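Novice: This is what each chain is made of:
There are 2 protein chains.
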Amino acid sequence: MTNFNIEQAAQQARLASLQIAKLSTDSKNQLLTLMADTIAANKSKILDANGKDIAAGRSKGLSEAMLDRLLLTNERIDGIRAAIIDIVNLADPVGNKSAVTKRPNGIEVSKMRIPLGVVAMIYEARPNVTAEAAALCIKSGNAVILRGGSEALHSNLAIAELLHQSLQQCQLSADIATVIPDPSRQVISEMLTLNQYIDLVIPRGGEGLIRFVSDNSRIPVIQHFKGVCHLYIDKYADLDKAVNILINGKTQRPSACNAIETVLVHKDIAAEFLPVANIALKPFAVSVHACADSIDYFQQASLASDADYAAEYLAQEVAVKQVDSFAAAIAHIERYSSDHTEVIVSQDYSRTNAFVSAVNSSVVMVNASSRFSDGGELGLGSEIGISTSKLHAYGPMGLQALTTQKFVVLGDGQVRP
Amino acid sequence: MTNFNIEQAAQQARLASLQIAKLSTDSKNQLLTLMADTIAANKSKILDANGKDIAAGRSKGLSEAMLDRLLLTNERIDGIRAAIIDIVNLADPVGNKSAVTKRPNGIEVSKMRIPLGVVAMIYEARPNVTAEAAALCIKSGNAVILRGGSEALHSNLAIAELLHQSLQQCQLSADIATVIPDPSRQVISEMLTLNQYIDLVIPRGGEGLIRFVSDNSRIPVIQHFKGVCHLYIDKYADLDKAVNILINGKTQRPSACNAIETVLVHKDIAAEFLPVANIALKPFAVSVHACADSIDYFQQASLASDADYAAEYLAQEVAVKQVDSFAAAIAHIERYSSDHTEVIVSQDYSRTNAFVSAVNSSVVMVNASSRFSDGGELGLGSEIGISTSKLHAYGPMGLQALTTQKFVVLGDGQVRP
Chain A
47 MTNFNIEQAA
57 QQARLASLQI
67 AKLSTDSKNQ
77 LLTLMADTIA
87 ANKSKILDAN
97 GKDIAAGRSK
107 GLSEAMLDRL
117 LLTNERIDGI
127 RAAIIDIVNL
137 ADPVGNKSAV
147 TKRPNGIEVS
157 KMRIPLGVVA
167 MIYEARPNVT
177 AEAAALCIKS
187 GNAVILRGGS
197 EALHSNLAIA
207 ELLHQSLQQC
217 QLSADIATVI
227 PDPSRQVISE
237 MLTLNQYIDL
247 VIPRGGEGLI
257 RFVSDNSRIP
267 VIQHFKGVCH
277 LYIDKYADLD
287 KAVNILINGK
297 TQRPSACNAI
307 ETVLVHKDIA
317 AEFLPVANIA
327 LKPFAVSVHA
337 CADSIDYFQQ
347 ASLASDADYA
357 AEYLAQEVAV
367 KQVDSFAAAI
377 AHIERYSSDH
387 TEVIVSQDYS
397 RTNAFVSAVN
407 SSVVMVNASS
417 RFSDGGELGL
427 GSEIGISTSK
437 LHAYGPMGLQ
447 ALTTQKFVVL
457 GDGQVRP
Chain B
47 MTNFNIEQAA
57 QQARLASLQI
67 AKLSTDSKNQ
77 LLTLMADTIA
87 ANKSKILDAN
97 GKDIAAGRSK
107 GLSEAMLDRL
117 LLTNERIDGI
127 RAAIIDIVNL
137 ADPVGNKSAV
147 TKRPNGIEVS
157 KMRIPLGVVA
167 MIYEARPNVT
177 AEAAALCIKS
187 GNAVILRGGS
197 EALHSNLAIA
207 ELLHQSLQQC
217 QLSADIATVI
227 PDPSRQVISE
237 MLTLNQYIDL
247 VIPRGGEGLI
257 RFVSDNSRIP
267 VIQHFKGVCH
277 LYIDKYADLD
287 KAVNILINGK
297 TQRPSACNAI
307 ETVLVHKDIA
317 AEFLPVANIA
327 LKPFAVSVHA
337 CADSIDYFQQ
347 ASLASDADYA
357 AEYLAQEVAV
367 KQVDSFAAAI
377 AHIERYSSDH
387 TEVIVSQDYS
397 RTNAFVSAVN
407 SSVVMVNASS
417 RFSDGGELGL
427 GSEIGISTSK
437 LHAYGPMGLQ
447 ALTTQKFVVL
457 GDGQVRP
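So the protein sequences, as listed, match chains A and B.
All residue numbers for the first sequence refer to our numbering, where the first residue is 47 and numbers rise by one.
All residue numbers for the second sequence refer to our numbering, where the first residue is 47 and numbers rise by one.
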């Protein structure tokens with residue numbers, strides 16, 4: 047299909063958003079449970095469609111990594127069901143009221159959480175995102191427009207059909223969840239002008255996709271370009287914690303955006319820490335790019351360049367730099383940070399407080415692994431994305447980031463003098 | 047000046063934002079007090095500059111209303127001083143932490159308020175905005191770039207000089223508050239591409255300015271197009287409250303965006319309410335555009351068209367429509383609302399609750415005048431603007447809307463299993 051009418055779809059999604067916004071938590075949970083069960087009961091339909099995508103992907107020569115992300119199995123479909131049930135079990139933010147202020151004239155002012163309206167997701171290979179993003183948007187009372195990667199189109203449309211079946215069974219508009227069947231980039235460009243119907247765009251994928259969306263959108267965009275996460279080993283660090291946090295942060299899942307990319311080491315602890323780090327990193331075959339002061343502590347390391355400090359390796363590779371002071375560590379982070387996650391390891395009360403105050407990345411940690419920078423680990427439940435731009439949301443985004451707050455004023459006939 | 051280097055200015059503002067972000071509340075208050083006093087002590091400098099703007103405005107043939115907005119007097123400069131001192135007295139949101147959650151593994155997760163970074167304001171005639179917007183941004187720890195109207199350029203530059211004098215006396219960078227001396231629209235276009243340095247743009251002025259900024263910005267924009275505020279007189283309204291709230295909302299300051307533009311009247315109360323409304327509106331010479339069912343209640347009224355229901359009159363003019371039911375009132379608001387402010391007058395518990403739930407405008411009121419839809423009246427203190435788009439902020443924006451929240455994680459060596 048190439049003549050998909052995105053303007054009409056967005057307009058219908060806007061109308062449907064009024065319907066989903068008014069549903070009670072119970073009704074939304076019933077709908078989501080039905081969606082989860084319908085998906086689990088129709089595995090063969092989804093697997094058939096996915097088989098077509100996999101076959102087309104193979105003949106197009108997609109990489110094995112790409113094919114693996116595209117692949118659905120019985121277990122993975124059970125995973126989708128479980129993810130939706132997790133969302134059923136999350137608290138509904140809609141309708142929550144903040145503390146009430148009573149003004150001198152007696153009016154009571156509070157703020158109440160409400161859905162955003164229509165959320166558009168643009169994403170790449172993994173077809174489970176179709177069901178999980180739809181579930182997060184529905185739970186938070188939003189209509190959703192989903193534009194997955196062309197390589198997953200059959201899988202996404204099969205999932206969409208099951209979502210629509212559930213919506214219809216609940217006598218709700220199918221326009222609450224729209225999957226765009228048009229694989230062209232043109233449809234994205236057109237969608238990004240429809241700010242009268244769509245409230246938020248969340249692109250998930252490579253930096254190229256996110257830049258394209260940011261540069262062409264009239265709709266607010268959640269941006270997440272990259273994660274250059276820093277680990278600062280302070281002069282007063284506990285060495286065991288430092289090494290564990292380094293190994294976990296760098297090696298557990300180096301392809302994740304919350305992996306450590308640069309380690310800053312206070313010069314007064316370098317002679318103690320770096321030899322231990324060298325031994326600990328060895329089993330993981332981590333390539334080290336070290337500054338001139340640090341390089342001799344490593345058996346195999348190359349000299350770090352400025353590009354290394356800016357790099358998001360997403361691999362078993364790390365930059366190491368000695369710093370002369372706490373202030374120098376902060377200055378390095380201010381220069382190279384991607385505003386994702388930064389960690390200090392220190393036992394000193396004043397320094398950990400100062401680090402938390404001075405560093406304004408979206409997640410700032412003390413004596414904990416950067417790998418906790420994730421919606422689930424931080425207690426938000428499932429995450430729809432992560433924001434490294436400061437507007438609206440900053441850091442991992444759960445259900446609450448899919449809502450806003452209106453003011454509610456309760457009076458008894460007051461007028462303004 | 048036409049060759050102002052906005053890119054360099056924005057880059058310098060970004061650097062200066064790191065300095066202001068780290069200042070204590072006491073230091074920010076000292077700076078603001080000094081700014082207030084310096085402005086009050088240099089009235090003649092400001093009045094001289096303002097005299098040039100007024101003279102130029104007269105010879106350009108600006109309207110008297112425009113000249114009045116441009117004019118500064120001794121009293122108005124005292125008003126600027128007082129507005130800055132009000133901001134000194136507001137609580138500083140920066141550093142406030144939300145409730146701490148302890149995760150099963152023992153890490154403690156909270157959120158801490160931090161400044162946005164660099165805020166750009168684009169505004170029109172009134173030169174007091176230069177000082178007051180700068181003060182709000184400084185109190186919330188942000189650097190600010192100010193682009194006022196060309197007709198107020200001399201006044202704005204005189205105020206900027208006094209702001210810079212105060213910054214220098216506190217040994218702070220003058221780049222914390224930048225006033226753009228270039229009156230061209232070109233400089234705005236260029237500024238709107240600098241999303242690597244500027245975090246937020248707030249345009250204040252006519253719909254044309256706001257559309258221009260929204261359509262051309264890569265930086266998030268706070269939008270506030272117009273205020274078509276509705277007053278719904280329910281079947282169970284208290285008639286006295288209804289009339290008082292109508293008269294206050296419509297006639298007190300009809301040029302304000304929180305004035306009432308359309309009154310919806312439940313058919314069961316129309317025969318009681320409309321004759322009283324007719325009498326009450328008469329002394330204010332309000333032009334009434336009434337639906338066919340209502341028109342006979344008014345001595346002078348024209349028949350309302352669809353355009354009347356969409357109109358922001360900003361004048362002593364109002365649309366009146368009878369509705370058959372509560373649901374019809376909600377449907378009318380959903381169709382014509384500008385997402386600004388809507389009011390219900392009713393004594394019925396279920397209906398007021400239902401109205402608050404169903405209407406998702408930025409301010410929803412029960413039995414109170416729409417004229418309270420204002421940062422000061424709602425208890426936010428001074429207001430930097432108002433947002434009728436749902437992202438980041440929705441409704442009147444005080445200091446808190448100039449901040450965001452970072453996640454803070456405190457651990458004791460935890461790593462992810």
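Hints should not be assumed to be uniformly reliable.
Copies of the same chain look alike in the list, so a pair counts if it works inside one copy or between any two.
Said to hold, decoys possible - In the DSS-like style, the derived pairs of lysine-lysine whose C-alpha atoms are separated by at most 30 Å in a straight line are: (1) K281 <-> K452; (2) K148 <-> K281; (3) K98 <-> K68; (4) K98 <-> K148; (5) K313 <-> K98; (6) K272 <-> K157; (7) K328 <-> K89; (8) K281 <-> K68; (9) K452 <-> K148; (10) K89 <-> K143; (11) K68 <-> K148; (12) K281 <-> K89; (13) K68 <-> K272.
Keep in mind the hints are simulated off the structure, nothing from the lab.
Computed from a predicted model, the values in this text were never measured in an experiment.
Novice: Take the hints in turn and mark each one as holding or not.
Specialist: Cross-check of the supplied hints:
no.: 1; hint: K281 <-> K452; in the structure: between (47 Å within a copy, 25 Å between copies)
no.: 2; hint: K148 <-> K281; in the structure: between (49 Å within a copy, 27 Å between copies)
no.: 3; hint: K98 <-> K68; in the structure: neither (38 Å within a copy, 56 Å between copies)
no.: 4; hint: K98 <-> K148; in the structure: neither (61 Å within a copy, 46 Å between copies)
no.: 5; hint: K313 <-> K98; in the structure: neither (57 Å within a copy, 59 Å between copies)
no.: 6; hint: K272 <-> K157; in the structure: between (33 Å within a copy, 21 Å between copies)
no.: 7; hint: K328 <-> K89; in the structure: neither (43 Å within a copy, 70 Å between copies)
no.: 8; hint: K281 <-> K68; in the structure: between (55 Å within a copy, 23 Å between copies)
no.: 9; hint: K452 <-> K148; in the structure: both (17 Å within a copy, 29 Å between copies)
no.: 10; hint: K89 <-> K143; in the structure: neither (40 Å within a copy, 45 Å between copies)
no.: 11; hint: K68 <-> K148; in the structure: within (28 Å within a copy, 33 Å between copies)
no.: 12; hint: K281 <-> K89; in the structure: neither (55 Å within a copy, 53 Å between copies)
no.: 13; hint: K68 <-> K272; in the structure: between (36 Å within a copy, 25 Å between copies)
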